[in-house]
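Trainee: What follows is each chain in one-letter form.
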Amino acid sequence: MASFQQFDVEYEMKVDLSQWHPIASSSDLPLRHVYQGQLWGRELAVWRADDGHINVWENRCLHRGVRLSIGLNEGSELRCLYHGWRYANRTAGCTYIPAHPADAPARTICNNTYQCVEVHGLVWSAIAPESSFEGQGVLEGLEPLVLRPIPIAAPLHLVQKLAADYPFGTLTNRDDTSLTLQYGQAKLQLFLQPVDAGKTIMRGLLTPAPVDSVAALRHHNATMTALRDEIELAATRLDPPTAINVKFAPVAKGLARMPDIDNAGPKVELRAKVARKWQVAEQVMAFRLEALSGQFPTFQPGAHIDVNLPNGMSRQYSLTNGPGETDHYTIGVKHDIASRGGSTCLHDDVQEGDVLAISAPHNNFPLRRDAVKTILIAGGIGITPLLSMAKTLKAQELPFELHIFAQSKDDLAFPNILHNLGASTISHTGLTPQATCDVIAGVLANYTPAQHVYICGPGAMLEATRELATKAAWPDEAVHFEYFKNTHEIAFNTTFEIALSRSALTLQVPAGKTILQVLRDNGIEAPSSCEQGACGTCLMTVIEGEPDHQDVYLSTTERAANQKIIACVSRSKSNRLVLDM
Amino acid sequence: MKLYDYELSGNCYKVRLFLSILNLSFDTQTVDFYPGQEHKSEALLRLNPLGQLPIFEDADQVLCGSDVILSHLAANYDKSGLWYSPKQRLDIDKWIRFADEITATASAARLHDTFFYDLDIATARAGAERLFRNLDEHLWFSEQRGYDWLVPTRFPTLADITCFPYVALSEEGGVSRADYPAIRRWCDRIKRIHGFIPMPGIFSTSKAA
Numbered sequence: 001m002a003s004f005q006q007f008d009v010e011y012e013m014k015v016d017l018s019q020w021h022p023i024a025s026s027s028d029l030p031l032r033h034v035y036q037g038q039l040w041g042r043e044l045a046v047w048r049a050d051d052g053h054i055n056v057w058e059n060r061c062l063h064r065g066v067r068l069s070i071g072l073n074e075g076s077e078l079r080c081l082y083h084g085w086r087y088a089n090r091t092a093g094c095t096y097i098p099a100h101p102a103d104a105p106a107r108t109i110c111n112n113t114y115q116c117v118e119v120h121g122l123v124w125s126a127i128a129p130e131s132s133f134e135g136q137g138v139l140e141g142l143e144p145l146v147l148r149p150i151p152i153a154a155p156l157h158l159v160q161k162l163a164a165d166y167p168f169g170t171l172t173n174r175d176d177t178s179l180t181l182q183y184g185q186a187k188l189q190l191f192l193q194p195v196d197a198g199k200t201i202m203r204g205l206l207t208p209a210p211v212d213s214v215a216a217l218r219h220h221n222a223t224m225t226a227l228r229d230e231i232e233l234a235a236t237r238l239d240p241p242t243a244i245n246v247k248f249a250p251v252a253k254g255l256a257r258m259p260d261i262d263n264a265g266p267k268v269e270l271r272a273k274v275a276r277k278w279q280v281a282e283q284v285m286a287f288r289l290e291a292l293s294g295q296f297p298t299f300q301p302g303a304h305i306d307v308n309l310p311n312g313m314s315r316q317y318s319l320t321n322g323p324g325e326t327d328h329y330t331i332g333v334k335h336d337i338a339s340r341g342g343s344t345c346l347h348d349d350v351q352e353g354d355v356l357a358i359s360a361p362h363n364n365f366p367l368r369r370d371a372v373k374t375i376l377i378a379g380g381i382g383i384t385p386l387l388s389m390a391k392t393l394k395a396q397e398l399p400f401e402l403h404i405f406a407q408s409k410d411d412l413a414f415p416n417i418l419h420n421l422g423a424s425t426i427s428h429t430g431l432t433p434q435a436t437c438d439v440i441a442g443v444l445a446n447y448t449p450a451q452h453v454y455i456c457g458p459g460a461m462l463e464a465t466r467e468l469a470t471k472a473a474w475p476d477e478a479v480h481f482e483y484f485k486n487t488h489e490i491a492f493n494t495t496f497e498i499a500l501s502r503s504a505l506t507l508q509v510p511a512g513k514t515i516l517q518v519l520r521d522n523g524i525e526a527p528s529s530c531e532q533g534a535c536g537t538c539l540m541t542v543i544e545g546e547p548d549h550q551d552v553y554l555s556t557t558e559r560a561a562n563q564k565i566i567a568c569v570s571r572s573k574s575n576r577l578v579l580d581m
Numbered sequence: 001m002k003l004y005d006y007e008l009s010g011n012c013y014k015v016r017l018f019l020s021i022l023n024l025s026f027d028t029q030t031v032d033f034y035p036g037q038e039h040k041s042e043a044l045l046r047l048n049p050l051g052q053l054p055i056f057e058d059a060d061q062v063l064c065g066s067d068v069i070l071s072h073l074a075a076n077y078d079k080s081g082l083w084y085s086p087k088q089r090l091d092i093d094k095w096i097r098f099a100d101e102i103t104a105t106a107s108a109a110r111l112h113d114t115f116f117y118d119l120d121i122a123t124a125r126a127g128a129e130r131l132f133r134n135l136d137e138h139l140w141f142s143e144q145r146g147y148d149w150l151v152p153t154r155f156p157t158l159a160d161i162t163c164f165p166y167v168a169l170s171e172e173g174g175v176s177r178a179d180y181p182a183i184r185r186w187c188d189r190i191k192r193i194h195g196f197i198p199m200p201g202i203f204s205t206s207k208a209a
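One line per chain: the protein sequences are Y and W, in this order. All letters in the first sequence, in the order written, are residues 1 to 581 by our numbering. All letters in the second sequence, in the order written, are residues 1 to 209 by our numbering.
Incorrect hints may appear among the rest.
Claimed, not checked - Quick list of the computed label-pair ranges, beta carbon to beta carbon:
id, chain 1, residue 1, chain 2, residue 2, range
1, Y, 63, W, 36, 34 to 44 Å
2, W, 143, Y, 165, 21 to 31 Å
3, W, 38, Y, 446, 45 to 55 Å
4, Y, 271, W, 207, 35 to 45 Å
5, Y, 112, W, 123, 45 to 55 Å
6, W, 47, Y, 63, 40 to 50 Å
7, W, 81, Y, 174, 49 to 59 Å
8, W, 114, Y, 242, 26 to 36 Å
9, Y, 210, W, 36, 56 to 66 Å
What the hints assert, rightly or not - Covered by chain Y, per the in silico footprint, the following chain W stretches (three or more residues, Cβ under 8 Å):
id, segment
10, 3-15
11, 38-50
These aren't lab readings, by the way, just hints derived from the structure by calculation. Quick reminder that beta carbons are idealized off the backbone N, C-alpha and C, glycines included.
Take these sequences, add in the hints, and give me the full structure.
Mentor: Okay, structure coming up:
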């Protein structure tokens, strides 16, 4: 046994945040559990999603700072126990804020995450890695036995010195945070996880895995426990260690300053590879888009992306993904005979392996998750955003019905997904317009408070459904809809003035130019997407004046209130329009 | 059936939890444990001379102490016969003793921190850590053998019910469970028992996959 005196010296802890360390055993991460970990003083919330992906996040909800390790692992989202904010698997982006049920949370609301790798029964992470994980001496091709980890109330340097006493063959290798011991053919690797200034976890891998694994686990558990007691006794003779100074990363520069002035139109900030292209219904192709590296940004159900096509066009497509799926986006594209070229280009020209520029997801069709019942009504390819909604509702076990109207069975897109959604999905095929209206009238017949309906489909069906909902006493705010496109004729022949209240700027909008164009001509950033009054991305708040609405995004109530305007198509009936920007 | 109950008491919660799991309805009489010290009042001392909660009335019987009440409920109302089965009784009784030690340490630390009891907090917390190390080790090896519960059977027993509350409330006494991952997983499993109810400081968890 080593004497204590030789370690009883002043010691300053070397904090090296760049190294990878094991932070958990694989068996610490069963499904629907959140493991509480720590590395170099930083607390971690570690959870495995139902798809197997392991998330290592800073253990702090960015809303009120409550530990996420007491949150709820719901399979594809982690829910904070305090105010119910939901964060997506993989990206840690916020997907839902219960206090704002009708709004899509900003994409910038995202928890801090750490990289992680699962190898040989251990989960590895690093606070600020300078290189990717390289195995750290873990044996290739062998499945080691993962020993029970033992937390030790002692600083790393003391554990590192005394661990050399571990009674197992001879010490063949050691560095600051690991030791290798050899006993005949058997090799024991001990990893020392620097938890905090005064705490270290000893983790062991034994290769080859012995025949009687339980006996080996018991033996090493007893050995490590005895060693722990010895080290902890030695630690009582040391001065208490100085705490590790934990600095949290400041807000990213891009978020802390005003964005650059940008004259460009819809933004295409991401590159995506077409990983798979396949037919999912008559005239409908699905595209699985994958990020060239890492994950795609967080999205919420109802979101769409702008896809830039090889022919120079930009088109909007809804994401069909379920919650937490940000390793890929899947869109469904119907070949439109009357296409201006978008769907033809995707169907005929874009092939697997091609790289497309896409925007981050916009969500102007957000799903409330506080309805007593949600009704989803899809016409044809209008199913796409509703698939994402249905998957979310199903994952959260919220009551919903999905009604799909299509010409024939062959026109029902994504049949596998529909099948998995189960009994809540009802398809109606081959109905005449009148018969369709009769079915929808039946579906909408018994409105009770806190029900919500979401409709996406062709213009005529949408208008008819909205009328039926109004007749059945559905309030406007319970009826949510998304048009494919704006088929109304748009007049650009008026002239008016816009005043930007917060910028103290007055601009003239001449005939032939839109509000959006005038803003951009003057160097003012304004987000947009479809630029035809359908998607709602360029929604602005009106303080004064009477808008001339030409969009298909706002509801009847919203139009009448004159407090909102879709800047890409709508104009002004009054000479002056004061906008809150 | 009537429970003399204090909402923040882990021992009263054991009884409420087991009553809920057995799907039994009962009346409660709230006792002002803190700050009123009503459990030391003459009326309640007549029911339980030890001056402790919970107290439980069933027909004309008066039962005192959570373990006595739990075994009474198991003997009379557990149709499955699994919660306190004669086959496991000795093993379960061992954990009932263990739970007493948890009460003497983890619960004592909580009484100090949240109810301002005058006691040696360092000793209480160190005692709790020692017990939690044992408990975590036991549960870790049980998991290795394919068992979810304290007693190696396919079903939870009174051992789990009686050990759980003051473990799950330990943070209120300044004892973190971060070093005890097997205990944290076991707590999740208990929260998924059909009939589980929360209490202040013990929250529900998500549904199983």
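Trainee: Could you tell me whether the CB distance from residue 47 of chain W to residue 63 of chain Y stays inside 40 to 50 Å?
Mentor: holds (46 Å)
Trainee: State, for the Cβ atoms of residue 271 of chain Y and residue 207 of chain W, whether the hinted interval 35 to 45 Å holds or is violated.
Mentor: holds (38 Å)
Trainee: Is 56 to 66 Å respected by the C-beta to C-beta distance linking residue 210 of chain Y and residue 36 of chain W?
Mentor: Given range 56 to 66 Å: holds, Cβ gap about 60 Å.
Trainee: Honestly, do residue 63 of chain Y and residue 36 of chain W meet the 34 to 44 Å range at C-beta?
Mentor: Roughly 37 Å apart at Cβ, these two residues keep to the hinted range, so it holds.
Trainee: Are there three or more residues in the segment 3-15 of chain W whose C-beta lies closer than 8 Å to some C-beta of chain Y?
Mentor: violated (count 0)
Trainee: I want to verify a distance hint. Is the separation of the beta carbons of residue 143 of chain W and residue 165 of chain Y within 21 to 31 Å?
Mentor: holds (29 Å)
Trainee: Just to make sure I understand the rule, a stretch counts as covered if three or more of its residues have a C-beta closer than 8 Å to a C-beta of the chain. Does the segment 38-50 of chain W meet that for chain Y?
Mentor: With 0 residues close enough to chain Y, the hint is violated.
Trainee: Is 45 to 55 Å respected by the C-beta to C-beta distance linking residue 38 of chain W and residue 446 of chain Y?
Mentor: holds (51 Å)
Trainee: Is 26 to 36 Å respected by the C-beta to C-beta distance linking residue 114 of chain W and residue 242 of chain Y?
Mentor: holds (31 Å)
Trainee: Go ahead and decide if the range 45 to 55 Å is satisfied by the Cβ distance of residue 112 of chain Y to residue 123 of chain W.
Mentor: violated (38 Å)
Trainee: Quick check on a hinted range of 49 to 59 Å for residue 81 of chain W and residue 174 of chain Y, using CB atoms only.
Mentor: With a Cβ separation near 55 Å, residue 81 of chain W and residue 174 of chain Y satisfy 49 to 59 Å, so the hint holds.
Taken one by one, the earlier hints fail for this structure at numbers 5, 10, 11, listed in ascending order.
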